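Chemist: Read off the chains here:
Protein chains: 2
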Amino acid sequence: MDQKLLNRFNYLKSLHLDIDMSRGKPSKEQLDLSNKMNDVLSSQSDYKSLDGLDVRNYGGLEGIKEARQLMGDVLGIDYQNVLVLGNSSLSAMYEQIARSFIYGVCGNTPWSKLEKVQWLCPIPGYDRHFAMLEHFGIEMISVPYYNDGPDMDLIEALVNEENIKGIWIVPKFSNPLGITYSDEVIRRLARLKPAAKDFRIYVDNAYALHDFEGDVKLLNIYEEAKKVGNEDILYLFTSTSKLSFPGSGIAAIGASENNIKDITSHLKYQTISYDKINQLRHVRFFKNKEGLKEHALKHGQILLRKFKIVDEYLSKYCSDVAAWNTPKGGYFVTLKVKGVAKEVVARCKECGVKLTEAGATHPYHNDPTNSYIRLAPSYLSDKDLSLAMEIICLSILLESV
Amino acid sequence: MDQKLLNRFNYLKSLHLDIDMSRGKPSKEQLDLSNKMNDVLSSQSDYKSLDGLDVRNYGGLEGIKEARQLMGDVLGIDYQNVLVLGNSSLSAMYEQIARSFIYGVCGNTPWSKLEKVQWLCPIPGYDRHFAMLEHFGIEMISVPYYNDGPDMDLIEALVNEENIKGIWIVPKFSNPLGITYSDEVIRRLARLKPAAKDFRIYVDNAYALHDFEGDVKLLNIYEEAKKVGNEDILYLFTSTSKLSFPGSGIAAIGASENNIKDITSHLKYQTISYDKINQLRHVRFFKNKEGLKEHALKHGQILLRKFKIVDEYLSKYCSDVAAWNTPKGGYFVTLKVKGVAKEVVARCKECGVKLTEAGATHPYHNDPTNSYIRLAPSYLSDKDLSLAMEIICLSILLESV
Numbered sequence: 105m106d107q108k109l110l111n112r113f114n115y116l117k118s119l120h121l122d123i124d125m126s127r128g129k130p131s132k133e134q135l136d137l138s139n140k141m142n143d144v145l146s147s148q149s150d151y152k153s154l155d156g157l158d159v160r161n162y163g164g165l166e167g168i169k170e171a172r173q174l175m176g177d178v179l180g181i182d183y184q185n186v187l188v189l190g191n192s193s194l195s196a197m198y199e200q201i202a203r204s205f206i207y208g209v210c211g212n213t214p215w216s217k218l219e220k221v222q223w224l225c226p227i228p229g230y231d232r233h234f235a236m237l238e239h240f241g242i243e244m245i246s247v248p249y250y251n252d253g254p255d256m257d258l259i260e261a262l263v264n265e266e267n268i269k270g271i272w273i274v275p276k277f278s279n280p281l282g283i284t285y286s287d288e289v290i291r292r293l294a295r296l297k298p299a300a301k302d303f304r305i306y307v308d309n310a311y312a313l314h315d316f317e318g319d320v321k322l323l324n325i326y327e328e329a330k331k332v333g334n335e336d337i338l339y340l341f342t343s344t345s346k347l348s349f350p351g352s353g354i355a356a357i358g359a360s361e362n363n364i365k366d367i368t369s370h371l372k373y374q375t376i377s378y379d380k381i382n383q384l385r386h387v388r389f390f391k392n393k394e395g396l397k398e399h400a401l402k403h404g405q406i407l408l409r410k411f412k413i414v415d416e417y418l419s420k421y422c423s424d425v426a427a428w429n430t431p432k433g434g435y436f437v438t439l440k441v442k443g444v445a446k447e448v449v450a451r452c453k454e455c456g457v458k459l460t461e462a463g464a465t466h467p468y469h470n471d472p473t474n475s476y477i478r479l480a481p482s483y484l485s486d487k488d489l490s491l492a493m494e495i496i497c498l499s500i501l502l503e504s505v
Numbered sequence: 105m106d107q108k109l110l111n112r113f114n115y116l117k118s119l120h121l122d123i124d125m126s127r128g129k130p131s132k133e134q135l136d137l138s139n140k141m142n143d144v145l146s147s148q149s150d151y152k153s154l155d156g157l158d159v160r161n162y163g164g165l166e167g168i169k170e171a172r173q174l175m176g177d178v179l180g181i182d183y184q185n186v187l188v189l190g191n192s193s194l195s196a197m198y199e200q201i202a203r204s205f206i207y208g209v210c211g212n213t214p215w216s217k218l219e220k221v222q223w224l225c226p227i228p229g230y231d232r233h234f235a236m237l238e239h240f241g242i243e244m245i246s247v248p249y250y251n252d253g254p255d256m257d258l259i260e261a262l263v264n265e266e267n268i269k270g271i272w273i274v275p276k277f278s279n280p281l282g283i284t285y286s287d288e289v290i291r292r293l294a295r296l297k298p299a300a301k302d303f304r305i306y307v308d309n310a311y312a313l314h315d316f317e318g319d320v321k322l323l324n325i326y327e328e329a330k331k332v333g334n335e336d337i338l339y340l341f342t343s344t345s346k347l348s349f350p351g352s353g354i355a356a357i358g359a360s361e362n363n364i365k366d367i368t369s370h371l372k373y374q375t376i377s378y379d380k381i382n383q384l385r386h387v388r389f390f391k392n393k394e395g396l397k398e399h400a401l402k403h404g405q406i407l408l409r410k411f412k413i414v415d416e417y418l419s420k421y422c423s424d425v426a427a428w429n430t431p432k433g434g435y436f437v438t439l440k441v442k443g444v445a446k447e448v449v450a451r452c453k454e455c456g457v458k459l460t461e462a463g464a465t466h467p468y469h470n471d472p473t474n475s476y477i478r479l480a481p482s483y484l485s486d487k488d489l490s491l492a493m494e495i496i497c498l499s500i501l502l503e504s505v
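Chain order of the listed sequences is A and B. Using the numbering used here, you'd call the opening residue of the first sequence number 105 and step up by one each time. Using the numbering used here, you'd call the opening residue of the second sequence number 105 and step up by one each time.
These are calculated hints, taken from the structure and not from any lab test. Be a bit skeptical, because a hint or two may be false.
Where chains are identical, the list cannot tell them apart; a pair therefore holds if satisfied intra-copy or between any two copies.
As the list claims (entries may be wrong) - In the EDC-like style, the derived pairs of lysine to aspartate or glutamate whose C-alpha atoms are separated by at most 20 Å in a straight line are:
1) Lys140 to Asp150
2) Lys365 to Glu238
3) Lys372 to Glu238
4) Lys446 to Asp424
5) Lys393 to Asp177
6) Lys442 to Glu503
7) Lys217 to Glu243
8) Lys152 to Glu133
9) Lys217 to Glu238
10) Lys132 to Asp158
11) Lys140 to Asp158
12) Lys132 to Asp155
13) Lys132 to Asp488
14) Lys442 to Glu260
Bear in mind that the values here come from a model prediction, so they are computed numbers and not experimental data.
Go ahead and model the full structure; you've got the sequences and the hints to work with.
Modeler: Here's what the structure looks like:
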């Protein structure tokens with residue numbers, strides 16, 4: 105080991121740092137961008153929605169019209185195909201899987217009555233997706249990512265199996281790769297013909313508007329599916345979690361008429377309505393999709409600054425021993441350090457920098473190559489981020505000898 | 105038929121009224137009481153919770169400390185035994201049943217793997233409870249109400265059956281009877297020893313603070329259960345739906361350590377956190393349980409005025425042909441019209457007054473006596489309510505000959 109590097113590492117260790125870089129949380133600077141959202145409604149406000157509801161009272165299971173329109177514009181689907189749900193798209197997805205277990209999808213056998221339920225998981229992927237599937241007892245099958253999306257040949261082959269009931273995709277600025285699916289991949293996904301009638305593509309469009317600058321195009325998967333009469337295969341999810349406030353945003357599902365009818369046939373027993381005041385607050389603050397995009401770019405500028413710090417450190421110190429991506433949006437950088445991911449994460453921890461666990465990017469926490477590390481630079485101040493990146497680079501260098 | 109009554113009925117029918125008295129919705133006058141809640145947070149606010157969280161960001165699955173304290177005080181349980189959940193206690197209850205189906209309760213067999221799941225339903229009861237159970241495929245067994253709560257002898261006998269997994273109780277101002285359970289009934293419930301280890305009492309304390317005046321006492325069921333080491337049998341639910349805004353309130357579950365541990369072991373896969381900004385908004389507006397009670401009394405004064413109109417009409421016209429209760433709180437009056445409930449509801453509809461469907465107070469919409477009608481006077485203006493009550497009375501008189 106290089107003694108100079110080790111000395112520096114030990115010096116940084118002696119500072120007893122406590123830097124948490126494990127989760128994709130917005131920074132205080134980002135949260136402050138939305139504070140004025142809490143000024144738009146007051147005791148003097150008019151609380152009527154476009155569809156004539158008093159948003160303060162019961163009713164409006166599907167969400168208020170203006171919120172359905174806003175979220176429909178984000179998802180690329182008509183507002184009548186949109187349900188505005190609770191405060192998180194993660195729980196909207198969870199609940200849809202729960203309904204599939206208890207009632208079945210569109211009249212098919214409830215999954216709780218099946219011997220085995222399997223799911224396709226492009227890797228590296230989002231740890232909370234995998235953890236949720238595992239908790240439901242769903243068997244996960246890994247599918248590798250290419251630069252323009254998951255391996256479609258493999259997916260088209262695998263969906264011939266009746267047990268395979270779903271796939272999760274993050275088509276724009278995927279977590280954690282940061283790639284955006286090509287038109288070709290979107291078209292092939294939209295045309296999938298799975299053996300299982302209750303197979304669904306869970307499109308987690310968490311970063312639909314989260315470009316750092318400009319506008320990375322994503323083909324409208326719903327329109328593509330509709331062209332071939334295959335729109336029942338899709339559930340589209342998004343939320344404002346990373347545009348307004350995580351946990352206090354609004355989430356939505358967009359889907360075909362059959363699917364929306366199926367979902368509401370169960371949802372109406374679960375709740376009378378979601379938080380329509382918060383829906384109104386969001387629409388009055390953001391106004392429309394353009395307003396949302398403009399706001400998203402402000403987030404993007406802050407994030408871009410952070411991503412540049414990550415790239416600078418890695419370029420300066422680790423270009424020989426690591427590979428990483430430079431996404432144009434989203435929240436994550438995927439770092440590849442051949443065979444030493446666990447060791448690097450452990451070393452960083454030793455030095456007071458908490459990273460997402462190695463393996464978290466793979467089903468069952470099993471990265472057979474022990475190479476993938478998800479970096480989440482958003483939450484940290486520039487100063488802490490620089491310190492963290494120095495420690496990450498030192499750790500990589502020390503472990504790669 | 106009395107021609108004079110019929111003439112008056114036909115005159116009222118000719119007015120083509122459209123009065124909806126079917127649901128327990130607060131009136132505009134009541135909603136206005138809480139408008140200032142939307143003034144308490146602004147872009148200038150401090151967003152730190154007592155436990156040091158920035159409520160605008162991820163984290164805090166259990167809810168923020170001050171909201172857990174507030175809801176714990178309402179439920180009569182320590183804040184550490186409270187989870188502050190989404191926007192509705194109805195969905196909190198739904199989700200708990202869903203978890204019981206998918207994962208099982210505290211390590212017991214998931215209900216989806218059982219041949220039969222049964223549930224005890226005190227009647228008359230809340231239609232949404234019954235509809236939810238029916239949708240889950242749970243078999244409902246009716247238990248009659250006395251003046252101080254459900255028939256405890258019958259309940260104690262029935263819970264010896266392993267299939268029986270739950271009972272729903274609304275212990276204060278029960279929906280729709282408006283009765284409050286006696287100390288004796290609460291004690292016997294708290295000491296139940298069911299055959300099924302995963303039997304739970306779902307305590308829907310929707311009207312915990314909804315006294316019209318004064319303070320109707322309800323024994324603390326959790327304390328009673330704790331005395332005999334039986335606290336695992338309880339799930340306590342409440343919400344601010346009818347104190348702040350329906351659909352935009354905060355809901356909570358209170359339960360034993362074992363139960364809370366069991367619930368969060370699943371909940372953590374479902375969501376990262378609920379809407380903590382709305383939790384903070386509620387606590388800053390209501391301050392504490394006393395503040396909530398004070399606010400509830402303002403609602404109560406409005407409701408009492410409505411309930412008096414109901415009682416006056418019924419007393420004046422129908423004392424010979426109908427029986428009804430005069431609750432000291434809550435949202436409903438139960439009207440008993442022997443053998444003609446469906447006919448009265450149909451006649452009211454004919455005359456432009458929509459009531460809750462006859463039978464809705466019973467599992468499977470089956471009131472074998474055809475006698476129960478739930479009256480929900482809260483939403484209507486005094487004028488509309490008076491008109492509705494005249495029509496109800498006329499309908500009863502015309503159908504009772």
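Chemist: Out of the numbered hints, which ones does the structure contradict?
Modeler: 14
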